[in-house]
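J.: Below are the chains, spelled out letter by letter.
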Amino acid sequence: QTVVTQEPSFSVSPGGTVTLTCGLSFGSVSTSNYPSWYQQTPGQAPRTLIYTTNSRSSGVPDRFSGSILGNKAALTITGAQADDESDYYCVLYMGGGNMIFGGGTKLTVL
Amino acid sequence: EVQLLESGGGLVQPGGSLRLSCAASGFTFSNYAMNWVRQAPGKGLEWVSTITDTAGGATFYADSVKGRFTVSRDMSQNTLYLQMTTLRADDTAVYYCARRKAYAFDVWGQGTMVTVSS
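If you're matching them up, the sequences are chains A and B in order.
As numbered in our numbering, residues 1 to 110 make up the first sequence, in order.
As numbered in our numbering, residues 111 to 228 make up the second sequence, in order.
Certain hints may be false.
These stretches of chain A come out as covered by chain B in the derived footprint (C-beta under 8 Å, 3 or more residues) [as the list claims (entries may be wrong)]:
1. 15-29
2. 61-69
3. 79-85
Here are the simulated lysine-lysine pairs, DSS-like style, with alpha carbons at most 27 Å apart [claimed, not checked]:
4. B:K176 - B:K153
5. B:K211 - A:K106
6. A:K72 - B:K211
7. B:K176 - B:K211
It is worth saying that the hints were derived from the structure and are not from the lab.
Glycine included, each C-beta is placed from N, C-alpha and C at the ideal position.
Please construct the entire structure, taking both the sequences and the accompanying hints into account.
T.: This is the structure:
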């Protein structure tokens with residue numbers, strides 16, 4: 001069974017840069033998995049940040065960027081702000097209509 | 111304004127059934143594939159189902175709900191549905207309706223809570 005892996009937690013200082021990753025239990029993530037990224041704060045619906053690896057969703061500041069780093073998808077946040085403290089989820093398209101979310105990364109800004 | 115509004119959640123006994131609805135507005139509903147995504151209390155997001163935008167609407171399901179859940183859409187009513195049967199305690203979650211764009215979810219509803227408990 002394929003598992004999409006994310007760091008359970010990460011910490012960044014205000015103004016700092018952090019890169020969250022999204023991998024596969026078996027194999028490498030590629031652009032053919034169309035990785036996308038979502039931000040969620042408690043009690044709220046997810047907010048779409050990035051789709052098809054590196055396209056920013058409407059209204060998302062350019063502090064958020066997506067890429068493929070090695071064999072994983074990556075979300076980089078530059079100039080971290082207090083309100084970036086959230087849970088971040090990636091999702092990968094696995095073919096045959098199937099999509100799998102990662103377990104999420106809880107980002108702390110302190 | 112593009113908007114998705116879920117309804118139909120509630121408390122249901124194990125083995126029971128429930129139908130969720132998602133009313134879409136502000137965009138051409140028939141042009142988009144639509145999805146259901148759920149989140150169990152304190153847990154992460156889980157893709158549940160997709161229905162495509164093509165006539166007839168191809169459907170796809172997560173293994174955890176295959177054979178028990180059915181997704182459908184009414185183009186005339188701009189509404190997405192999720193018929194859930196043989197519900198189990200581990201189906202307890204907030205269910206989100208989401209529009210699909212380029213193998214991603216670009217618009218989300220506010221969610222509706224489903225609790226499966228006796």
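J.: Which earlier hints can't be squared with this structure?
T.: 1, 2 and 3
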